[in-house]
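Terminal number for the sequence shown in the numbering used here: 279, no gaps in between.
Careful, some of the hints might be misleading.
As the list claims (entries may be wrong) - BS3-like, lysine-lysine: derived pairs with alpha carbons at most 27 Å apart:
{"id": "1", "residue 1": "Lys14", "residue 2": "Lys100"}
{"id": "2", "residue 1": "Lys46", "residue 2": "Lys33"}
{"id": "3", "residue 1": "Lys268", "residue 2": "Lys100"}
{"id": "4", "residue 1": "Lys65", "residue 2": "Lys100"}
{"id": "5", "residue 1": "Lys46", "residue 2": "Lys113"}
{"id": "6", "residue 1": "Lys113", "residue 2": "Lys14"}
{"id": "7", "residue 1": "Lys65", "residue 2": "Lys14"}
To be verified - Simulated restraints, written as ranges between beta carbons of each label pair:
{"id": "8", "residue 1": "Asp155", "residue 2": "Ser231", "range": "15 to 25 Å"}
{"id": "9", "residue 1": "Glu248", "residue 2": "Tyr31", "range": "33 to 43 Å"}
{"id": "10", "residue 1": "Ala145", "residue 2": "Ala51", "range": "17 to 27 Å"}
{"id": "11", "residue 1": "Asp261", "residue 2": "Lys65", "range": "42 to 52 Å"}
{"id": "12", "residue 1": "Ser209", "residue 2": "His92", "range": "18 to 28 Å"}
Think of the hints as simulated: they come from the structure by calculation, not from any bench. Ideal Cβ placement from N, Cα and C applies to all residues, glycine included.
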Amino acid sequence: MIPHSFDYKRASSVEEAIEILQNGSYAKVLGGGHSLVPALKLRLNAPDTLVDVTRIESLKGIAIEDGTLIIGAANTHHEIATSADVHNTLSFLAKGASAIGDVQVRNKGTIGGSIAHADPSADWPALLLAADASIVIQGADGTKTVAAQDFFTGFFSTILEESDIITQIRIPIPPEGTKSTYQKFVQPASRFAIVGCAAVKEPSGATRIAFAGVSDYAFRDEAVESASSSGASAEEAASKAAEGVSIMSDHYASEDYRKHLAKVYARRALVEVS
């Protein structure tokens with residue numbers, strides 16, 4: 006299927022990109038394009054203008070500042086997967102990034118584009134939820150920082166307004182001795198998660214668990230977290246996975262199978278971080 010015609014504009018700064026987005030027509034931000042372009046091809050999205058932000062230098066870079074890992078929104082999955090700063094502080098983010106798609110997707114797709122698209126089976130939303138990340142957004146009214154837990158609001162839905170641009174992801178570096186992992190049951194063609202489970206366990210026992218692919222959008226599983234943080238075994242804590250959650254069903258996995266997989270992959274993740 007051929008997408009409808011649109012204007013293409015390359016922004017040289019975040020401010021210029023926001024100005025273009027405010028011009029009154031329906032515009033979409035183009036990062037790596039691996040989420041947006043397939044939607045354009047299928048006419049699931051039909052903007053009048055594409056605003057290319059890939060050459061804005063302020064959206065790139067990975068750094069550690071004041072106990073926080075800062076990842077620019079335009080960094081590719083490959084850049085994150087191979088970053089020494091990521092490996093040395095939150096290695097499960099590098100592991101998750103290295104499991105996204107194939108080499109072409111990892112070399113072009115960006116973390117900002119992925120979380121803005123908010124595919125329920127994408128890896129980054131669950132990874133950032135488990136990491137207790139915050140997302141920095143710049144828009145017409147200035148800059149704001151939003152917890153990842155408040156960013157994802159529904160099926161392919163976030164709190165982003167039409168003229169908002171994600172600029173950074175900020176992640177607190179956990180205490181020394183923290184363990185983390187990402188376990189994923191992969192759809193073999195797309196490499197998306199049929200079920201993905203991200204887990205972080207601090208030396209105090211405090212645990213964060215987040216799922217991808219289970220529900221309409223990524224979520225923290227508070228029942229599993231509470232059980233694990235209270236000292237329950239991996240098996241016992243994992244048995245509570247996806248309780249009270251509306252579970253997706255599609256041609257890849259039924260609702261019952263996904264719920265079963267959520268328990269299996271929660272147990273695997275908890276064993277890994279125990």
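Results for each hint:
Straight-line distance between C-alpha atoms of Lys14 and Lys100 comes to about 34 Å, which puts the hinted pair past the 27 Å bound. Simply put, Lys46 and Lys33 have alpha-carbon atoms about 14 Å apart, close enough for the 27 Å limit, and the pair holds. Distance hint between Lys268 and Lys100 is fulfilled; the C-alpha atoms sit about 21 Å from each other, no more than 27 Å. Between the alpha carbons of Lys65 and Lys100 the distance comes to roughly 20 Å, so the proposed pair stays at or under 27 Å and holds.
Between Lys46 and Lys113 the CA atoms are separated by roughly 18 Å; this keeps the pair inside 27 Å, and the hint holds. This hinted pair checks out: Lys113 and Lys14 have alpha carbons roughly 19 Å apart, not beyond 27 Å. Note on Lys65 and Lys14: the hinted pairing holds, with a Cα-Cα distance of about 19 Å set against a maximum of 27 Å. As the Cβ distance of Asp155 to Ser231 is approximately 20 Å, the hint placing it in 15 to 25 Å holds.
Distance hint check: the CB atoms of Glu248 and Tyr31 are about 40 Å apart, consistent with the given range 33 to 43 Å. A hinted range of 17 to 27 Å for the beta carbons of Ala145 and Ala51 is consistent with their spacing of about 23 Å. Checked against the hint of 42 to 52 Å, the pair Asp261 and Lys65 passes, with Cβ atoms roughly 43 Å apart. A hinted range of 18 to 28 Å holds for the C-beta pair Ser209 and His92, which are about 23 Å apart.
Violated hints amount to a single one, hint 1; each of the other numbered hints is respected by the structure.
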